[in-house]
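Protein chains in written order, with this note's numbering: chain S, 1 to 217; chain P, 1 to 217; chain V, 1 to 217; chain F, 1 to 217.
Among these hints, one or two may not hold up.
With a straight-line Cα cutoff of 20 Å, these simulated PhoX-like cross-link-like pairs (lysine-lysine) come out [to be verified]: (1) Lys20/V <-> Lys20/S; (2) Lys20/V <-> Lys9/V; (3) Lys195/S <-> Lys9/S; (4) Lys9/V <-> Lys195/V; (5) Lys9/F <-> Lys195/F; (6) Lys171/F <-> Lys20/P; (7) Lys195/V <-> Lys20/V; (8) Lys195/S <-> Lys195/F; (9) Lys195/S <-> Lys20/P; (10) Lys195/V <-> Lys20/P; (11) Lys20/F <-> Lys195/V; (12) Lys20/S <-> Lys171/F; (13) Lys20/F <-> Lys20/V; (14) Lys9/S <-> Lys20/S.
Keep in mind the hints are simulated off the structure, nothing from the lab.
There are 4 protein chains.
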Amino acid sequence: MSAIADIRKTVASLHAQLTKYELVIWTAGNVSARVPDQDLMVIKPSGVSYDDLGPEAMVVTDLHGNLVEGDHSPSSDTAAHAYVYRHMPHVGGVVHTHSTFATAWAARGESIPCVITMMADEFGGDIPVGPFALIGDDSIGQGIVETLADSRSRAVLMHGHGPFTIGKDAKDAVKAAVMLEDVARTVHHAFQLGKPERIAQEHIDSLYARYQNVYGQ
Amino acid sequence: MSAIADIRKTVASLHAQLTKYELVIWTAGNVSARVPDQDLMVIKPSGVSYDDLGPEAMVVTDLHGNLVEGDHSPSSDTAAHAYVYRHMPHVGGVVHTHSTFATAWAARGESIPCVITMMADEFGGDIPVGPFALIGDDSIGQGIVETLADSRSRAVLMHGHGPFTIGKDAKDAVKAAVMLEDVARTVHHAFQLGKPERIAQEHIDSLYARYQNVYGQ
Amino acid sequence: MSAIADIRKTVASLHAQLTKYELVIWTAGNVSARVPDQDLMVIKPSGVSYDDLGPEAMVVTDLHGNLVEGDHSPSSDTAAHAYVYRHMPHVGGVVHTHSTFATAWAARGESIPCVITMMADEFGGDIPVGPFALIGDDSIGQGIVETLADSRSRAVLMHGHGPFTIGKDAKDAVKAAVMLEDVARTVHHAFQLGKPERIAQEHIDSLYARYQNVYGQ
Amino acid sequence: MSAIADIRKTVASLHAQLTKYELVIWTAGNVSARVPDQDLMVIKPSGVSYDDLGPEAMVVTDLHGNLVEGDHSPSSDTAAHAYVYRHMPHVGGVVHTHSTFATAWAARGESIPCVITMMADEFGGDIPVGPFALIGDDSIGQGIVETLADSRSRAVLMHGHGPFTIGKDAKDAVKAAVMLEDVARTVHHAFQLGKPERIAQEHIDSLYARYQNVYGQ
């Protein structure tokens, strides 16, 4: 169970990135991580303040969202996270926020066009929009998976709701949430005073390929 | 009197949430709490800096705003808070701010349409607008009470003035003030580049019902 | 000279309010205070970082901006501050910033209309615009004084430049700078999605009269 | 090698200014400094978190971007920095960010018009736009150098990408990056509610001349 203890620690501390970058307020937003090789996930509890999100507050569920370990109820978005883990085996982390600018695009149901190189680098093109879906069953998870299946993007804007991001692990999904809000804000402001052109597809492809292979250490 | 001592502490510390979320500047804004079973309330003093708002600086008044205990004059908005407590017995906390985006909607006298699920969850629909009213008598309190009587919302935008929020206790009213500014900002930006559609009423109803009953611990 | 020592301390510490409220960046912006009964003023030095603005870094000049005491050159805006003190005997403090939204209105040379009660309370009406004026002689000071002579406002937007605020002392002028940016931002956003109406003049008058006489301790 | 040790320290600590002024997120953005008289430069490593950017993490390369000293790969923007140092001998520091408002102007490929005195002071006129250029060869560096050769500005907006700034040393280039985002944001907001007029060229010239010669200590 020490793998789970480590993941609890990681997931708890990644929530601090959500507040640092002002992607969440009060108790909104959640990070989860898959427990490798165990059909389990670690996720934030429901409605607990960010000041009280230590490792021991994190919740362990199976990949249908049933509580396995923990003193709190899991996040009310647990079903969506679980659906993603069941249907996208390469995904190791999921993040949901209501970050301001990503949610503004989501409210209009508009994808964010790839007009800056950072979007090409990080998301490989536009940020797609997923369907409007109610909480309570698998509709949100299904909407995320179906939308991201057709895209290089690690982020999806659920219509009328807000963004979900995925990653190879929880940190990578948090990075995607942070970068998403940054590009959502920048492109929002870019469109307020004119109509920036989408970067040519061949340039997007080459930027994305380079960034995936060359960037970092 | 130890109940009052506790409430002084709570109300004092909740003011820190107003600055943390940048809902207030300088000495603007105020939180109050009803003292259960005593026809009394605890409220912020008038014109005192946020750095000096310890428990002992808080003021106790009756539900007509008359000073009962404290070294300072009560907030200049005391009459409005008191009116709410007299006419809405289920309300245990009231908050007033001039938070930027809520006040921008208030300046236009426009209600905030429910275009994101978080609004449905938290406020059960649109954020309504109350009448323009001058300080100095019961008009502001009356405007708040009459507007909220017709609404599931815990927030009202007083025309040309700014938001008031209510809650079952002071913390709940502060949460409403924080969430209000968040949705006011997000929906503002959503409308800047288009016209997001209101969520269907049946979906709003179902989201609101679920959130009131299921969310949290 | 102990009065001057106190004023050095006050002026130095008030600069921290400018950074706290994000009204200035790098070395921009300056606060000054009149030395009562001495035809002297204390002002920020030119081009010194906000991290190095202790009391000893402050500069004392006469009311023509000539250096009287201090190791640094006075702020490049000293002539404007000095002109205000010479021509407005009731003014005890002057602040200049390039705060974002006030400067955006100033860039257009547009006054900020009084559409929220906080503006009526704090400034007694619209925030007026002063002329475009070059640095280097008395034109800026003259523009400030002539504009504010016709107004209840403690703030003026110098066209194509930025805001100056005055007060009965330096703290009051800093408060005006903070409140000015707050209303400039709120009213900016209010106008982005429509056309808020100016508050009726009689209501502005009554709000202003009340706030000057009743608010605070 | 003690000159290099000092420069490592300076470059490392200047990265903290980028986060302080919120010009960068996650690992984006980079500062470099020329090593005087040595055909070397010190630059940020690629993809390392801002929390881990101590002096020892900095990388030394020659002016073609080849690693000379350091445990990490140099920033993926190293080629652009190196090109600038090779072709602009008076430049001692280069900074690249994706700061929100500068990047929004860059996304549209629009120069920022000189409508406020602070732009005249600091940049001597409009902020020019450079060509869209892909990472991987000298195109970005070439675009920066050719654009800035025709301008008094220390900042260039690379089309569809983001800003680069130069300075006589690294601190001066960081100052330019901070001031650039500030004017990009202010002028953005100014244009949202109207069309501010460019300052007359003769006034720009006189403000720029004065600021370069008189301001500071």
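- Structure versus earlier hints - violations, ascending order: Checked against the structure, the hints that fail are numbers 3, 4, 5, 6, 7, 9, 10, 11, 12, while the rest are satisfied.
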